[in-house]
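Position chains B, C and D with the ligands relative to chain A; hints supplied.
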Amino acid sequence: MSDTTLARSAAAKPAFSLGRLLLEGRAFFALIAIVAVFSFLSPNYFTVSNFLIMASHVAIYGILAVGMLLVILNGGIDLSVGSILALSGVVAGALMQGVELPALGVILYPPVWAVVVLTCTLGALVGAVNGVLIAWFKVPAFVATLGVMYVARGVALLMTNGLTYNNLSGRPELGNTGFDWLGFNRLAGIPISVLVLSGIAILAGLMLSRSAFGRWLYASGGNERAADLSGVPVKRVKITVYTLSGILSAVAGLVLSSQLTSAGPTAGTTYELTAIAAVVIGGAALTGGRGTVRGTMLGAFVIGFLSDGLVIIGVSSYWQTVFTGAVIVLAVLMNSIQYGKGTRKS
Amino acid sequence: MSDTTLARSAAAKPAFSLGRLLLEGRAFFALIAIVAVFSFLSPNYFTVSNFLIMASHVAIYGILAVGMLLVILNGGIDLSVGSILALSGVVAGALMQGVELPALGVILYPPVWAVVVLTCTLGALVGAVNGVLIAWFKVPAFVATLGVMYVARGVALLMTNGLTYNNLSGRPELGNTGFDWLGFNRLAGIPISVLVLSGIAILAGLMLSRSAFGRWLYASGGNERAADLSGVPVKRVKITVYTLSGILSAVAGLVLSSQLTSAGPTAGTTYELTAIAAVVIGGAALTGGRGTVRGTMLGAFVIGFLSDGLVIIGVSSYWQTVFTGAVIVLAVLMNSIQYGKGTRKS
Amino acid sequence: MSAQFQSGARPQTDPRLGEVVLAARNVAKSYGNVHALKGVNFDIHRGQVTTLFGENGAGKSTLMKILSGVIQPTSGEIVLDGLPVSFGNSTEARDRGISIIHQELSLAPNLSVRDNIFMGREIMGASGVDFAEEERQCRKLMAELEEEIDPLTPVEDLRLGQQQIVEIARALSVDSRILIMDEPTSALSATEVEVLFKVIRDLTSKGVSIVYISHHLEEALQITDHAVVLRDGTMTAYAPRAEIDLEWIVRNMVGENYDLGSPPEGHALGAVALSVRDLTVPDPKGADYNVVDRLSLDIRAGEVVCIYGLMGAGRTELLETVAGRLRASGGEVVLEGREISHLSIAERIARGLALVPEDRQRDGLVQTMSVGENLSLASIASFTRGLFTRRKAERALIDASIREVTVKTSGPAAAIGSLSGGNQQKVVIGKMLATKPRVIMLDEPSRGIDIGAKAEVFKLLAEEAKRGLAVVYSTSEVGECLSIAHRIIVMHKGRISAEFDSTVSKEKIMAASGESVAA
Amino acid sequence: TDPANPYWFTEGEVAKATAESLGYTANVAAHKGDTNAESTLIDTAITNKSVAIILDPANADGSIGAVKKAVDAGIPVFLVNAEINQEGLAKAQLVSNNAQGAALGAEQWVSMVGDKGNYVELFGNPADNNAATRSNGYETVITQYPDLVKAGKEVANWDRTQGYQKMQSLLQANPDIVGVISGNDEMALGAIAALKEAGKLDQVKVGGFDGSPDAVEAVKAGEMQYTVLQPVAVFSAEAVKQADSFIKTGATGAATEKQLFDCLLITKDNVDKYTAAFTLSE
Ligand SMILES: Nc1ncnc2c1ncn2[C@@H]1O[C@H](COP(=O)(O)OP(=O)(O)OP(=O)(O)O)[C@@H](O)[C@H]1O
Ligand SMILES: Nc1ncnc2c1ncn2[C@@H]1O[C@H](COP(=O)(O)OP(=O)(O)OP(=O)(O)O)[C@@H](O)[C@H]1O
Ligand SMILES: [Mg+2]
Ligand SMILES: [Mg+2]
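So the sequence lines, in the order shown, correspond to chains A, B, C and D. Residue numbers for the first sequence, in our numbering: 11 to 356. Residue numbers for the second sequence, in our numbering: 11 to 356. Residue numbers for the third sequence, in our numbering: 4 to 522. Residue numbers for the fourth sequence, in our numbering: 3 to 284.
The shape of chain A in the complex, shown without the other chains:
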């Protein structure tokens, strides 16, 4: 008896980190391959400035993907992220234009920090609606978030009457400047959006690996009934992940509209697919319970570096579509071929 398990556990220990690398290998190798190929094809690709620019593009998808990862770990899916992004951008835009209080006859210009807080609160609320529909009313996640996706988009359109808020820089005399800081500035040469992404990724990583909430999330994604019986507050976990996903979508919306210094109601269309793709390329299973922030980040970078690279080397846009699809499949395929049996579960 003893020797059977011993052998296994003995082997398990040393191969631990290597095993993880291999599991996330597909995304990692795909990323290396992408960087190598494009660097070879274009002298402009392998430069610090390009990597920073690309990273700032990845930031948007990356932030969404972190939220999506939480939801997917929980065994759900969130189709509404793109819409929440747009809605948040639009609301931030509206707030920057000033809130008219007809009762008092004054126009309020909230300072930027207030705009950020309000917008994130909005994202959290919309996310919580998703969560409540799914956890309490047992609406399948796909349906609930699809519905909210339409509703949020519609509200964004209604709010702006289809138009785009253009001037988000604020005015010094109103004390609400600084909105473009998020998208434009750099700290130590690194775009703020990239720093925001890193911060979020690190926080999410810590949360998943170190906190009780992280354990609950993996547990309820792996076997909800078992988690429930063990006293994990599965409903609360569910509502929380959708809320977090909503907040992160709002953050992405703020970053995007700050980058563009404008906010339109159609921003972020189909970003949910990109975010999901990043999560899945990063090795997470759509059935829940499996996935890491590291993998998701790799997945987001694979997608972002690939699409930017194709633009830089000047591939025609149709071919870009074809290549994107092919690389997505290949990135995941590599894994299946190389580590065959190891991936049964995903």
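Some clues are possibly wrong.
[Said to hold, decoys possible] Straight-line C-alpha distance at most 27 angstroms; calculated BS3-like pairs for lysine-lysine:
1) C/Lys288 x B/Lys245
2) D/Lys155 x D/Lys202
3) B/Lys148 x C/Lys288
4) D/Lys118 x D/Lys198
5) B/Lys245 x C/Lys439
6) C/Lys496 x C/Lys462
7) D/Lys18 x D/Lys275
8) D/Lys202 x D/Lys270
[Claimed, not checked] One-sided excerpt, in silico: chain A residues whose CB lies under 10 angstroms from chain C:
9) Pro120
10) Gly224
11) Arg225
12) Gly231
13) Arg235
14) Leu239
15) Val242
16) Ala295
17) Gly298
18) Gly299
19) Arg300
[What the hints assert, rightly or not] Every beta carbon over 12 angstroms from chain D, so not counted as near; a handful from chain B, in silico:
20) Phe39
21) Phe50
22) Asp238
Worth flagging that the hints you see were computed from the coordinates, not collected in a lab. Nothing here was measured: the structure is a model prediction, and the numbers come from that model. C-beta atoms are modelled at their ideal positions from N, C-alpha and C, and glycine is treated no differently.
Same frame as chain A, but now just chains B, C and D with the ligands:
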């Protein structure tokens, strides 16, 4: 494990047919409600001609949704249906324009039946690629079909250079007329596309309820390992469902381009979401193993009748978006509220 | 003297028996028109082991779920320390010191052993979860259970028995006053059961009260202080340890005596039906040893062969390889004279080779399908004509199966999840028997089924053997080896370590398996 | 078309306002560039027994079927903004003269960028004829200056975010460009955001197309050099008037089916005359 499914089954026996109605009830009642509301709001809604027109719109989504149902019953998902639809339309368009054989210096004008067969074969091939990636190479369905979605779309764009094939009616002197028959004609007053949908739905329904393949499909969607050990050829089933979904997407592509008498490479964008929504509203579980053709048809009609109704009563397009989302959630929500615990699984 | 009770009557409690800490009073539970419990009184005594016996579907698990707050009774009340209480969920019950080991495993397969044990009760340190402390406690628990399971192994990589150990360890890790064990040993071998019993004795001496459910009657008798028999949702008998024996339990449980049978006789064994030659199977998880090691075995038509072995002996891998689920790295499998190594599972089934898998939840049942659909799943071809299945033929096949393996169900349309554990097991057996196999392999077929059903299953197999069916079954209970098997094979580390005929003693079998003959 | 773009939004609003002032009930719906959605909308218009349809076709080829259907149902169709590749179906096709506008824009662009250097082009949705028409118009003018080299051309689907991201990548590949010419204003505004971010806005000149309010603001601010105003407000109102005239008299009052409306240039000099969305008061 036992207590999850229980409450349902206890009731299942005596209330068998009633139980099924209730399970699909959400979609059914939603449909009734939609028809009632719009008939009340517009005198033009509740007319035979309008129902036929609306049904012919539903046909496209409905055909896709049947294919999607098969895939979802198998526990997968097919994001590539919209792209396959576009690719098939474009290929059909190209074939109708004539195939130049440079070697022989002649232009071949295949007759319409040959075009239909070739196009469906193409759909089947693309679908089979999905199936092989998923069944043999163990690429998660979401990733495989996402990749194929991009590739197929890209190929369609490349083939046409972004443009649209216009003249699909064929020319009598070339013997290839009749393409618009599918989309334009009526038999006994019923549009051909509706008949095609009915035919497909009935065949799929029979296949699911009466054939060995149907049983295999439900079994491998419910528990693949158990199905495998019971002698179900799970890989073959998987490849077959994706192939069928590909064929049905091609059929939808043919119907659509025949309705429009033109075929463009950007047709069918985001139709996959609509098809999935129809399936899920119809009571199927995204985890596989549960769902019926009847439910899916109801789901497709709910979506179609709703969106047409909103246009007919002249709701602004922003509100249309909001309503669509709200109704999708409500349709599913009704069920959860009324029949509470029964829906744990989905 | 044993006492017999009318339905709903209260057991007499002898003051000697110790104080009642938790009790059910007139508890009833209905699911629609299924009455799982019909007014049961049940007492748990401080520091003692109360064993609950009953056929499959008698309501044992239901009662335990009610006592531990997992489900709520339709009527009746629960009394804790003399005061009525009601638990909204299992966490509330756990907070009051009641914990339960579920019959069906409830572990998250994606998490490690450590994380599963502390699921929902994480130990918090200064910077988040204190993994080091959790791991330390986890190792201690494993040491207590004498298991070498690394706390960091994902649960999905563990064998079923090991998973059950984790489940036990989790319940032990909560310092509870009342511990309910619903068939904790169904996947354990004798050695591990011994260890568990040691732990239980230790706990009772500390004043912990135990409820124990098992279909291994002899085993349960070793540990019990009180026995309660449940039948069709009512309590039919109660007696303290001194007054019960095997015969008493069986009489009260099934109302008649039982016998696991003897090897079928009076028919000549036929030609070799299944022949395994030098079969070698590498470890499916990639370790560098062979789980089945150049094993050869012949089974003749009409013969019943039992494979005994400890957990990890490689029985499951052997049977799964023969069935076609796993790939062998060497050797051949010959079915009725034809080499079948290259065939798929489906083709092997069509040729008459069927496997009843070990883990019914994972490999046996399709949870989304009804009882009937599960029963007919493996033999669809037999009622398909042309393109379509024939309803009548299917219905006949299902009805026959339900009768043959005596599944207790409200009907073929019932959801599979509504059956009691043992009845689910019978469905899996019935499904494979319905394929009319020439050779049937059953991996631990008696797991979780009651003594009556076990006898019926063995009787059925014996009868089929008389008609020429070759039967191979594996078991971890020595007693079952000595029932209908003509031949007993003992496996150890992937090889056959001994072969006996049906006259061998239990001790010899256990010795050959590498098991200490302690009990 | 997509009402989330100010251009199409104005188109719909103006038509609606004109129709209502003429005493009709108007129903505005969007097909978002999807020919199937367009065909569905036509069907509902037929169901609603509309007296006339003003359509901005989704696709030069793809929309023919839909128009045919409406015409077969006896409803006159008036096309605005984009053409279909078949004459004799619609009662009128009122479009802005994209070729003229493109030439106008390109000339202005060259005069501001100078006659040598690298530049990039942002291209609209390839399924839309106007994308190609404008691009060809630019090409014709700019190729007359051999020292102006097109360093890149990217499809940004009329979209601001895509314009922004594509521009950033293009800047990486071609850090030395002097100008950007864009198929519409939204993409140009995205490009401007990217240039601002890179701190290159003062050395790179950007030209747009459409004359949207946002672009006009940008012209005012000196960030965009010019935009080509499409007289969308004019021709949508005109289309409704012709429809009205057709309903009442059986004739549109216009000489030909295809009617081209010339585009106007908005630069810093005349930007003050831009009084309402897409309207340049003379
Ligand atoms: N020689 C060996 N050394 C180490 N580990 C072994 C060895 N042989 C087998 N094992 C382990 O034991 C497992 C075999 O378990 P298996 O389930 O086949 O045994 P079994 O006899 O069917 O036991 P049971 O059914 O009672 O759990 C393998 O997965 C492997 O991890
Ligand atoms: N959720 C449920 N819905 C319907 N019937 C149920 C449900 N749970 C249990 N039952 C029924 O209640 C009865 C008692 O089941 P229970 O699981 O308590 O049996 P058990 O005594 O534990 O049997 P076993 O020994 O097989 O585990 C069975 O007839 C079962 O079918
Ligand atoms: Mg039980
Ligand atoms: Mg085993």
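Handout entry: Hints that the structure is at odds with (numbers, increasing)
Key = 6, 9
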